[in-house]
Amino acid sequence: MPTPNPDASADVSGEFIHTVAEGAERERADMALVHAFPQFSRSFLQKLFDAGLVWCDSQALLKKSKVGPGDTLSFTVPEIKSLEVRAVDIPLSVVFEDAHLIVVNKASGMITHPGAGTGEDTLVHALLHHCRGQLSGIGGVERPGIVHRLDKETSGLIVSAKTDAAFQGLAEAFAERHVRKEYTAIAQGLARLNAGSIREPVGRDARHRTRMAVSKEGRPAHTDWTARERFTKAPSTLFDLRLHTGRTHQIRVHLSHMGHHILGDELYGFKPTQWKGPVVDRVMLHAAKLAFTHPVTGKALALEAPLPEDFAALRRGLM
Numbered sequence: 001m002p003t004p005n006p007d008a009s010a011d012v013s014g015e016f017i018h019t020v021a022e023g024a025e026r027e028r029a030d031m032a033l034v035h036a037f038p039q040f041s042r043s044f045l046q047k048l049f050d051a052g053l054v055w056c057d058s059q060a061l062l063k064k065s066k067v068g069p070g071d072t073l074s075f076t077v078p079e080i081k082s083l084e085v086r087a088v089d090i091p092l093s094v095v096f097e098d099a100h101l102i103v104v105n106k107a108s109g110m111i112t113h114p115g116a117g118t119g120e121d122t123l124v125h126a127l128l129h130h131c132r133g134q135l136s137g138i139g140g141v142e143r144p145g146i147v148h149r150l151d152k153e154t155s156g157l158i159v160s161a162k163t164d165a166a167f168q169g170l171a172e173a174f175a176e177r178h179v180r181k182e183y184t185a186i187a188q189g190l191a192r193l194n195a196g197s198i199r200e201p202v203g204r205d206a207r208h209r210t211r212m213a214v215s216k217e218g219r220p221a222h223t224d225w226t227a228r229e230r231f232t233k234a235p236s237t238l239f240d241l242r243l244h245t246g247r248t249h250q251i252r253v254h255l256s257h258m259g260h261h262i263l264g265d266e267l268y269g270f271k272p273t274q275w276k277g278p279v280v281d282r283v284m285l286h287a288a289k290l291a292f293t294h295p296v297t298g299k300a301l302a303l304e305a306p307l308p309e310d311f312a313a314l315r316r317g318l319m
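Per our numbering, the very first residue in the sequence shown carries number 1; after that it's consecutive.
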């Protein structure tokens, strides 16, 4: 899976991040990066967009996507020696597949994209093998077009395009919030209400740059939640959550802000030494449902991934 090379004069690699300044006018995403990174040509940056390698929060951007104040765009330029990603035979749990796209139930522990420090065990490696001979060259390169992200420890549904048309349609659907995304989580504490909605802006934590946080300077974020089950043995709640926006770590931040730290999520407040329940081996968050209109056929798709066994076993241990 070759990645577009930068211009010969731009001998750089690594991750690049640009936050659109307050007061700036909204403009196309490709032009925002052209202005922010003059060391790269517009044609090179457009190839990154075509390859699905430019992101805002947890969603891939198109060249024509409009960005404005507070939006944070990111992309990675790999080292030249690391341009090839080979197909690797890794078992996948396929929930839906046709000639245009594939939806898999990602296992916890699998990283979505290859990057610095990752091995040949990412979802991209697995999809290249599974879809061998079926990829039509998205952005001119044979590769799966992944349009949204799941954290390494989050299990559940993730969709990838096989064709340019499907990639463009899916990216637009995610950007325009036409995709229904529902998650399940087990978090500390007994929910006082049966349901609610949290609309708190999410942005980079000013004190801990690896974290996100509820912040007045953040971007609007909206999560609906329902308390499906409460466990008194070790006070905790099983939540069903619907994302209306796709901010980085949105559910983890919103639940923590409510005082409900997701079990296993030490980055956002879970403390294993203070937990009196069953052993927790990972962040207990699962992407359970995806509903969207097929970008090519127009068919309505409603897909679901059952709770993985580690999640279900923890739930049983709390009952």
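Worth flagging that the hints you see were computed from the coordinates, not collected in a lab.
Please note that a few of the clues may not be correct.
No farther apart than 30 Å at their CA atoms in a straight line, the calculated lysine-lysine pairs in the BS3-like style are these [what the hints assert, rightly or not]:
hint : residue 1 : residue 2
1    : K47       : K64
2    : K66       : K299
3    : K233      : K271
4    : K47       : K152
5    : K66       : K289
6    : K276      : K66
7    : K66       : K233
8    : K276      : K64
9    : K47       : K66
10   : K271      : K216
11   : K276      : K216
12   : K289      : K271
13   : K299      : K216
14   : K299      : K233
Going through the hints against the structure:
Under the criterion of a C-alpha separation no larger than 30 Å, the hint pairing K47 with K64 is consistent with the structure, at around 13 Å. A hinted pair counts as satisfied when its Cα atoms are at most 30 Å apart, and K66 with K299 qualifies at roughly 27 Å. A threshold of 30 Å between alpha carbons decides the hint, and for K233 with K271 the separation of about 17 Å falls inside it, so the pair holds. The suggested pairing of K47 with K152 holds, with an alpha-carbon distance near 26 Å, which does not exceed 30 Å.
At roughly 27 Å between alpha-carbon atoms, K66 and K289 fall within 30 Å of each other, so this suggested pair holds. Taken as a hint, the K276 and K66 pair is broken in the structure, with Cα atoms around 47 Å apart against an allowance of 30 Å. For the proposed pair K66 and K233, the alpha carbon gap of about 49 Å is over 30 Å, so the pair is violated. Distance restraint check for K276 and K64: the Cα-Cα separation of roughly 50 Å exceeds the 30 Å cut-off, and the hinted pair is therefore not satisfied.
Under the criterion of a C-alpha separation no larger than 30 Å, the hint pairing K47 with K66 is consistent with the structure, at around 17 Å. For a cut-off of 30 Å, the pair hint linking K271 to K216 stands: about 27 Å separates their Cα positions. Restraint check for K276 and K216: the C-alpha separation of about 34 Å exceeds 30 Å, so the hint is violated. Note on K289 and K271: the hinted pairing holds, with a Cα-Cα distance of about 29 Å set against a maximum of 30 Å.
A threshold of 30 Å between alpha carbons decides the hint, and for K299 with K216 the separation of about 39 Å lies outside it, so the pair is violated. With a C-alpha separation of about 44 Å, the suggested pairing of K299 with K233 is violated against the 30 Å cut-off.
When the structure is compared with the earlier hints, violations turn up for hints 6, 7, 8, 11, 13 and 14 and for no others.
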